[in-house]
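A.B. asks: Here are the chains, one letter per residue:
2 protein chains.
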Amino acid sequence: MIEFRSRSWVLLSSLLVLVLLGGFLITPFKHGQTPVDYSSKHADVYKSPRQNVWAELTASEAASVNEYIFKEHASLNLTKHPKSGRDNFIFGVETLKPNKTDTISYLYNDGPSPPERWAKAAIAQNFDDGPYMAYYMVGPLPITEDSVMLPLEYIFNSGRNYVKNPVQDWAAIQDFALAMAENVSDITQELLGATANRADPSDPHGLLAFPRPSRIETGGFTLWMQFYRPGMGSNARTLLPQGIYAKVDATSSDVTKWSVGQFYYNGVLYESAGDFRTALADPNFERTPANIDGPWTDTEDFESKPPGRELPPPVSIQPYGPRYKFDRKERFVSWFGFEFYITTAQATGVSLFDIRFKGERVMYELGLQEAMAHYAGDDPMQGGLEFLDTFFGMGKNAFELVPGYDCPAYADYLDVEFHQSQKTHFTPNSICLFEYTADYLLSRHTAQYSVTASRNTFLTVRSVSTVGNYDYTIDYVFYMDGTLEVKVRASGFIYAAFYTANNTKSEDEYGHRIHDALASSMHDHVINFKADLDVAGPKNDMVRMALEPITQSYEWDKPEHPERNTMHLVEYKVTEEAGIDWPKNSGEFYLVYSSDQKNAWGERKGYRIASGSGTRPHLTILNSTTLGDSARWAEHDIWVLQNKDTEPRSADPLNYFTPHDPIIDFTKMADHENLEHNASGSSYDGDLVIYFNVGAHHVPHSGDVPNTLMHTSGSSVKFVPHNFNDRDPSRESVQGVRLQLKGSKSGGFAGEQSEPSGDLKNRMNRRTKGPDTTKAMYFGATYDKGIKIPLEALEPSMEEYVSEEHGVTDLSYNGSAAGVWHRE
Amino acid sequence: MIEFRSRSWVLLSSLLVLVLLGGFLITPFKHGQTPVDYSSKHADVYKSPRQNVWAELTASEAASVNEYIFKEHASLNLTKHPKSGRDNFIFGVETLKPNKTDTISYLYNDGPSPPERWAKAAIAQNFDDGPYMAYYMVGPLPITEDSVMLPLEYIFNSGRNYVKNPVQDWAAIQDFALAMAENVSDITQELLGATANRADPSDPHGLLAFPRPSRIETGGFTLWMQFYRPGMGSNARTLLPQGIYAKVDATSSDVTKWSVGQFYYNGVLYESAGDFRTALADPNFERTPANIDGPWTDTEDFESKPPGRELPPPVSIQPYGPRYKFDRKERFVSWFGFEFYITTAQATGVSLFDIRFKGERVMYELGLQEAMAHYAGDDPMQGGLEFLDTFFGMGKNAFELVPGYDCPAYADYLDVEFHQSQKTHFTPNSICLFEYTADYLLSRHTAQYSVTASRNTFLTVRSVSTVGNYDYTIDYVFYMDGTLEVKVRASGFIYAAFYTANNTKSEDEYGHRIHDALASSMHDHVINFKADLDVAGPKNDMVRMALEPITQSYEWDKPEHPERNTMHLVEYKVTEEAGIDWPKNSGEFYLVYSSDQKNAWGERKGYRIASGSGTRPHLTILNSTTLGDSARWAEHDIWVLQNKDTEPRSADPLNYFTPHDPIIDFTKMADHENLEHNASGSSYDGDLVIYFNVGAHHVPHSGDVPNTLMHTSGSSVKFVPHNFNDRDPSRESVQGVRLQLKGSKSGGFAGEQSEPSGDLKNRMNRRTKGPDTTKAMYFGATYDKGIKIPLEALEPSMEEYVSEEHGVTDLSYNGSAAGVWHRE
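Quick note, the sequences are listed as chains A and B, same order.
In terms of the working numbering, the first sequence opens at residue 250 and continues consecutively.
In terms of the working numbering, the second sequence opens at residue 250 and continues consecutively.
Possibly wrong hints are sitting among the right ones.
The list treats identical chains as one, so a pair stands whether inside a single copy or across any two.
Below, in silico cross-link-like pairs of lysine-lysine (DSS-like), each with a Cα-Cα straight-line distance of 30 Å or less [claimed, not checked]:
(1) K413 <-> K807
(2) K833 <-> K917
(3) K847 <-> K672
(4) K822 <-> K847
(5) K574 <-> K1037
The set of hints was computed from the structure by calculation and includes no laboratory data.
Work the whole structure out from these sequences, hints included.
C.D. replies: Here's what the structure looks like:
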């Protein structure tokens, strides 16, 4: 919650256009349009077994909470139309996810009623020493006489429900930044051929400035601002840094006392604009080429016609509709044994709850916690840059998906609503749900007289969060054997560094030169997820099962081998809360076992936390100066913790404001508490929770221009059943074929030669009831006739969607370019 | 080459049915059928720029080589119909791949003629001390008066062209094994309810025995044989071990002197069959349940009907045909800038040669070298089991692919021929080639007034090698940005261990119990590939680019931060031949840079060796007793070596015979030779070669029954361009769409609010030539009308294919069950 996608807040996180500030505070909101139901392919109405108790507040719930706060808490002195941070106002409201312990009865014990419903409100509130952001809980809902508003403290291990807001006067900051730019317009004109354009911040010939804040422990900021060009057609701002940097003393809470100090250009630090100007007048002043936009930042090539591009590529179709059941109202999905609820939050986007497989509990919760990008460099901008993207809102910035491209044409699309500034905003079609058949099989075997092949068709829940320059495609993928995968793929524009031609250092110390006056800058993406595994129930143990070399003596091996160099398994139980890294040589299996449930063979039911695609790194930097204590979860790959109602998340967006005194300090969660619930005297109930990271060490190269590519940026973790069932459960669900030689041969190894008995034939015939000549025996449904595929299924017609410039002032619509294709 | 798929050889590698031996030696061969050209979708005839100089011998070339050897080398005393290993005969012939240095002129310098063509012959040859397998080179081809046959030594760093063949009399071994089984038939009947069936080795009620050899340094073997049941319908033999093990003293070269010694059952070792029998007569004898086949080994479930299974899954179609160009004769492929030749070998399957991207050299050669599976366990079978699967032939065991399942219905299928025992064998449709559009995009970005999406369509070359119980799906994947991926996915049956109920040890020391009387046994798959990278030419350097934490002081950072905890890049050049492991925390980029070619920005053109999917482990066991020196490449993840004509491969199939004195010892290749070709006095020319491993630490669990699943067994390495081009080259090739708001807005960050200028509109219109109202602007071809899809494209009709039991004696056809669907 409390996400600051709007430009006022963005400034302080260095993603801001200099000259636009404060828009949503002064623009009247219009009501959004009605969400579009893009899918009506389910003929039957499907009902989830229970309510989605994690569902986002409805518009009317949100309105009632806002109204309640206004009316019943007049002492807060709230305004509906704040002019600055010195006003008190409701920033936003959303569902306060119920405590897990309060849901158990309803979900798993046939409890009659769902847990109480509460809202979480984020309120901008001024105290004696200035503005704060504060969290409150409001409930129960619906609002009645019994409803109350309480400080929301119990989920923040700082013990506080508030964070000091260093930003007091957005309009003044806007003016300050613009004045700075105008004061050096002679310099920028001379060196960059451009000045700021107060009237049009998107003027491709104008200049912008993005600031990078350094938080000062005693309060306030030091800012380094760098000039940028807006980019002409492709939103390539972060590829267009301009190599002039200005330092701003922003330690005072009074913007009028801020001052511009040093300038930095071409590797040289000037104490003031005046010094910079004087140096520039010297005929020997050393210039470096400017970074100019051009076709090189275009994300599309409409002209090139290499052989083959005249034909459309293969495409996936689903002529008979989806094979999952979907309760759109409760956002409940059922697919070949998997069942789960979908919900969203402004900060974190999509989360899944109560994931079961074949009727057994697998996870209570699965969802993103925080997405960090931490840069390094030797210039004042890249040198200290980092983002914690829930601050901007991974949910709020999940825009419309492009049908047939982001997801197959046949996907189901879900709308998202959120409630901010007393309005309900919605983004249509920003989550999709679809099955896909992989290009490879799930399983196969060729025998001497038969071959069997099972298709790998999987289910994906997808959203894409575009936070400024970067696009994160976030997938939750389900496979027929009970495997879940969490995958993040990055695309969009990198945040690049200005390339200084006479830089005395090696360019390759922080990245590579990637254009005339542009260098990449290395950065770490570390993206944290919570997986509250309840493997066959809440009592679980985390075990590291290590493959270890050993020299061993076996009785049967003598006398030839008195001892033998071999290997074996050694199990190490994780006995206290810990951060664990992926093992050397992948030499350990990380297993979460049920403490009390075993399969038919007496093995503990388990899930394995396994490598998926790409790398899953943790932060390279040790004890980052920039991050402080705001993101300590980034320091190891996988964390095992006690699950607690008081620790529902590893991070909070407001950590971005106070990194050295965060409202949630992860080190206080991962504090070595006992995980041995079976030990005598242990008060721990055995319910553990996993936090894990995906991401990438990203050293962009020329191929990242214009955009990072997703086939190489993907990073995933898989949760793989490990003795969870008695046998591979995908056999019951999968579609495939067995090819059987006519006749009476049983199956030996392929290529062998034999005269087998008649048993196989009899057995096959018994099973398939087919004629004696049966050759291809299918399991699961097959296509049985040709089909006329409408164009819409091959290439969804964007022409059917309204194209209008609705987004500018209509924040209720969460206006983005993707809105171009919303249905009329 | 020299692969021993046929059962005679298989015995000694423990994959053998006890009672079938020697078939191909005594069965008259018939000529194979004509290969089927499954694809005729390319209307235009496409010609490769050059000959495929690595192509397998044609049938007539092979025949002429065989004839030449017979006629001109009568002193070898060869027979066409060998009765045992004491006869001399030609085992097989295939192409001797030309030396790389001999191809350079033809391939890269417009040399007029291809290199000389030579054959490699494997000949079973008896010397004074017994039978050997020996390699010869025969050429040049075509055979003329100038053609010669020479011992082929120069590519084997043992200095030998031969390996001692420990197997002399197959028929006698067959008799011995069968006699052993019959001698204890009272015991097996009592404990297992079954005996060996001499007349029908596939009798599901009969017993088989598979041996595991231990090579004795002084010569010959010790064998431990375990009884198995054949399995009824699913070729599940390796899931049906029976828990009775017999030790055979096979040290003598004379099988009549072999003897059965110890027996092992239920954790107890008996000195003889007699002791075993005596113990069994004791009423207190401890039995353990038998491992009985049943529906639990079925690979198909024809009955289950969970919701959704009544509908066919999504399927990929390609209505307008492929977008690659394919010269079927030369096996040359051209696809969006990628060009390469395909060839095959009996031992190693598919290899690719002369891979170029956008006209520049990327790799000279890419192909599998060896596939190892190494087990561990505390019983006499699993305790020493290992396979080197080129011995059986990854190429020869690449059987027919199932259309629409193993590969899309629209794939091109290639046949493979190989020449063994003086016959040309072929496997139709055993390689496929297809494009596929991934379920996710290659790149995307949402801006304020536009969104752009580019499809990720990739090209795959696929084969599946089924070596007894296990199926390896081997993919070479090409992406539009120049990335290559090598991926292996394992399926088929695991090689499991008998579960002993009264085992005193922890079952979980080597695996898990997975059925009544069955346990999994841990094993390492390590699969070695060669990638002879020639990044923009042959002179390359291997660099480890490390991301390292650092505490650094920057002038612009003072006084607020006298120093800062950050990170930077440190480059370490690999200066001598070395084995390197994947780094901790993925903290290093492994880069192969051109030594002399740079991109437009002055950066060295490079390719990165990057993580793909899954894990890529090396062998857990240190200095494996079983392996000796036969597979030292398995001890590290990635190897960098000088490229030499004398070291074309990391392994040879015959290494399996003499692990302690292998014909190719990898440690002699990776022997710390200099890689600093720019150093003064260096004689090294700068052409390096990479060997790398994929695979898995496999600890199978209940979900591996009946078959291992490929979505979690996959392991891949990607070769990713790194500053290779000046910009992302996929932009020129990709298909996608840009959605643009009507009007005049330029693109800021999505969600921003601004009043931009008219530039974007003008620019877009200029590019697309579309009307002012253009909204969806496509790049690359799109579907533009509905299409009638024939059933064949959705579900290839297996009914069109002949079903006949051709395979038994017709080895020319390389008979396998998959042959069921070959076209009539």
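A.B. asks: Taking the hints in turn, state whether each one holds.
C.D. replies: Going down the list of hints, with the structure as the test:
1. K413 <-> K807: between (73 Å within a copy, 25 Å between copies)
2. K833 <-> K917: both (28 Å within a copy, 26 Å between copies)
3. K847 <-> K672: Result: close neither inside a copy nor across copies, 50 Å intra and 55 Å inter.
4. K822 <-> K847: within (17 Å within a copy, 51 Å between copies)
5. K574 <-> K1037: both (25 Å within a copy, 28 Å between copies)
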